[in-house]
Each structure stands twice: as C-alpha cells, then as structure tokens.
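1 is the number of the first residue of the sequence shown in this note's numbering; add one for each residue after it.
Treat the hints with care, since some could be wrong.
Claimed, not checked - In silico EDC-like cross-links for lysine to aspartate or glutamate, where the CA-CA straight-line distance does not exceed 20 Å:
# : residue 1 : residue 2
1 : Lys194    : Glu137
2 : Lys256    : Glu154
3 : Lys140    : Asp218
4 : Lys441    : Asp346
5 : Lys34     : Asp192
6 : Lys441    : Asp372
7 : Lys186    : Glu136
Stated by the list, open to error - Label-pair distances were calculated between CB atoms; the ranges are:
#  : residue 1 : residue 2 : range
8  : Asp191    : Ala330    : 41 to 51 Å
9  : Glu339    : Ile246    : 42 to 52 Å
10 : Pro237    : Gln298    : 25 to 35 Å
11 : Glu374    : Glu440    : 47 to 57 Å
12 : Glu403    : Ala330    : 36 to 46 Å
If you're looking for bench data, these hints aren't it; they were derived computationally from the structure.
Nothing here was measured: the structure is a model prediction, and the numbers come from that model.
A virtual CB, placed ideally from N, CA and C, is assigned to each residue, including glycine.
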Amino acid sequence: MKLLIFPILTFLLLGCVEEAMEGLESKNLGSGIKLFVFSQPILPTTSYFLVVQAGSTRDPAGKEGLANLTIEMLLRGTVNRNREKILEDIDYLGASLSAIATYDTVQLAGTTLSRTQDKFIELLSDLLLHPTFPAEEFEKLKSETIGQLQLLSEDDRSLNKVRFTQFLFHGHPLGRLTSGTPESIKSITLDDVKEFYKKYFVDGNVILAAAGDIEKGDLVDYIEEYISELPEGEIEPFSYPALTPIAKSKILLVDKPERTQTQILLGYYGVAGDSPDYYPLYVANNAFGGTFTARLMQEVRVARGWSYGAYSKFARRKSTGEFFTWTFPAVKDTIPTIELTQKLLDDLSEKGLNKDEFNISKNYSVRETAFDTETPTLAISRFLEGYIMGWKGYPADHRKKLEGVTGKDVENVIKKYFHSKPFVMTIVCTASDIKKGLEEKYPDAQIVVVPYNKWDVPS
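All chains should be built: construct the whole structure from the sequences, respecting the hints.
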C-alpha cells in the first residue's frame, strides 16, 4: 500500500494561497501513484499532469532524447488503442493531451471536460500501463523528431538558447538536450525505449496531479477502478554533479550565412533553486534586466536603440541554474552591445541599486506573484514544480519570501553574483562579420566557430 497525498486547496482569493496549501490530507491506495488534487470548480474542466520522476538527466551518454522518445511513444499505441484511436478518443472527449520531457521528469499533460473525466482517466491508465511501442510508429517518431530539430536550427533565437545551454553546461547533465540531437536520436533503439519505461514507470515513481472541477473522492474512485498496481522497481537516486568552475571566458560563434541581426546570450552559473540567495537575486535581476523599466532595457533599447529588447534572468532549477543576458542587435551594433552589457554588470556590482530602484523592483516582484496561481491549472502546476524540485513551501510562501527581501540582502547578492568576467557567450551570427572584432576586444577569451547546423558543441 502506498501513501497518496492530497493538497486540498480552498482557492477563494489569490492572496489566500498560503492558507489554502496548508490543507493537506493523506490516504492509502494500492495503485502506487502519488496523487495531488486541487478542487476548484470555476469552469467545467479539469487539468491533469501524469508525471514520472525521470527525465533527460537519466538519458545514457550518446542517447540523449531517450526520455523524450519514451513519453512520446505512450501516445503511439497501447494494447487497446492504436495511435489513430488514441487521437480519436482525445477528440471525442473534448480533451487535449501532450507529452513533455524535462531534465527531471516526463509527463502527460492534458485537460478534459468534467463530464468525461472518468473516460479520460481510463485513457490515461491505458497509456500508462499498456503501451505496445509499435516499431513502425517508433521509426516515424524518430524521423519527426529529427525534422523538428532541423526546423529549430532555422530559428535564430531558439537555436542560440540551445547552444548556450550546451556550451555553458558542457559535459554536465544540464548540457544534455531533452530533445536529443539528430545523431543521438538515430542511435536510440526501440529496446532502449522499452528499458527506460521498464526501469522508471514503477511503483512510487509516478505522480498524478489534478486541478479544476474534480472532487477528491471521485478521482480516488476513478483511480481504483482503472489504474491497477504499478510494477515494483528500485530506482537509483540521482544527484547532479558539481559544475566545473568557469576559469576562462569563452565565446561560441554559431555561424549562419547572411545574418543582418545577431542573437547574443552572455552569462555564467547562477544559484540552485533552493538557495536562500534566490529571492534577493530575483528582486535584483528585475531591477537590472527583468522588466521594461530595468537598467538593461533602458540603456540598450531606449537610450541607444541597439536592440528591440534587452533582458536578463537567473533560471531556477533543481540544481544550479544559469544567469544570462539576452540581446539581439544589428550586426554593426553587436560588439558595442556586448561592451555596454558588461559595463552595466560591472556598474551594478560596484554601486548596487539605489533606494528607488530597490523599492520599485521589490514591489513589482511581490505584485506579480498573483499571476503565478491565478488559475487552478497554474496553481497545481506551480505546486507540482516545487514538489519535484524540492523547493519547500513553494508556491505558498513565494510572496512572503519576496516581501521579506531587504535592501541589504540585495546588496549582498549583487556583489556575489553580478559580474562581467569570466563569462560564457554564444552568438548566432555570420562569424566573419564579428570574429576579428571579438578577438581584438577579448584577446584572452577562447573563441570557437561552429556551423549552425552542427549539433556537437565543444567545451
């Protein structure tokens, strides 16, 4: 018998999230699934997240994309339904359903009408328990995935985001693409997919979260009727390895012909999602590059017109995330934009925020928390994210922690985390347009040029 936990959320006002999330109950069921329920009948629909706690970090070396292919294959055929029947049933129920892979999980996420919930749970149970992994569909999926990756390389913004992650986290699990690469996808076999499913879709490793027009008791009844006990399995714990320090600045030029505009990501390692520094950094970053009135936007776009947008962010992850600035100037403004971005980082590190900047950023940061849980689906997805990531109290105490940030807290994290060097930078560009200028500006940096359609990124 497994313990299933029920957060019963009385979602009356956005400001009541803390009180709502204190209402936890538990119940023993035999299915081996951990269940989270947010009952809030605002609309006659319910959203579901079926989550397996194993993502791309579990992909073997050289087989990146395995977790993603595995969860996608659940939609390609079961003992009771082929792919066409699965799509037909989703449409008949007035539902939606998609497969998602992240670093830490694979998920089936969807929404259905209240009156068809029992049939939707039956469909989910069939996908979870009875996949057949048809070989023909597997080959189609591999071809489709490779095609999607080729399309991604045509979008400069998306391409640069992927290359930055690969370059910054090279050799680390965070540097693995959840989608894989064309070469890694080709290397994955159907037996690999079956083994991943067998290893991780087991008792105690599956979560079902539901939000909307659903009662706890009804959902328990559906699960007891449709989802039999999951197979037993022992899963080896996963811990993110330590990151290799950035000892020297390095620049990756993603070479693409005839670019009139460049895409620039400049950054370095940030903090772990559960770090006490995260919330002061959240406030500090909103002042630097998180809003339209932030320093970076005002100096790069408003004052000089070099880039339509200029942003920065500390990504929040289960392990150490990344800090990055993002700009997209014309070729002629590329190096000046980089120089200005670094100058602004150094100015912030040396002088910090003034009192008005701190107050404006903190007030904005606190107010925007209302949007984190404004719908039942958002509320349960935020709760689920915090649960999986190990962010204790999230999102219930998200607002409270931001309210508790002081000017001194922000001053301390600015000195600790904001700097211009050493850095990691990726630029989608025509390399011959800017390489010489970058070599003159950064003589000590490692500068590497790779074709835009090459997926293996050097360290």
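Holds or violated: Lys441 with Asp346, Cα cutoff 20 Å? Roughly 17 Å separates the two Cα atoms, so the pair holds.
Looking only at beta-carbon atoms, does the pair Glu374, Glu440 fall within the given range of 47 to 57 Å? Given about 50 Å between the Cβ atoms, the range holds.
Has the given pair, Lys186 with Glu136, been kept, meaning a C-alpha gap of at most 20 Å? 15 Å, holds
Given the hinted pair Lys194 and Glu137, is their Cα-Cα distance within 20 Å? 14 Å, holds
Verdict for Glu339, Ile246 (Cβ pair) under range 42 to 52 Å: 20 Å, violated
Has the given pair, Lys140 with Asp218, been kept, meaning a C-alpha gap of at most 20 Å? 38 Å, violated
Checking one constraint from the list: CA of Lys256 to CA of Glu154, max 20 Å. Satisfied? Measuring from Cα to Cα gives roughly 9 Å; hence the hint holds.
Outcome of range test on Cβ distance (Pro237, Gln298; 25 to 35 Å): 46 Å, violated
Mind checking the alpha carbons of Lys34 and Asp192 for me, to see if they're no more than 20 Å apart? 26 Å, violated
Distance restraint evaluation - Asp191, Ala330, Cβ atoms, bounds 41 to 51 Å: 50 Å, holds
Within 36 to 46 Å: is that where the Cβ-Cβ distance between Glu403 and Ala330 falls? With Cβ atoms ~41 Å apart, the hint holds.
Please verify whether Lys441 and Asp372 have alpha carbons no more than 20 Å apart. This hinted pair is violated, its Cα atoms lying about 42 Å apart.
Violated hints for the displayed structure, listed by number in ascending order: 3, 5, 6, 9, 10.
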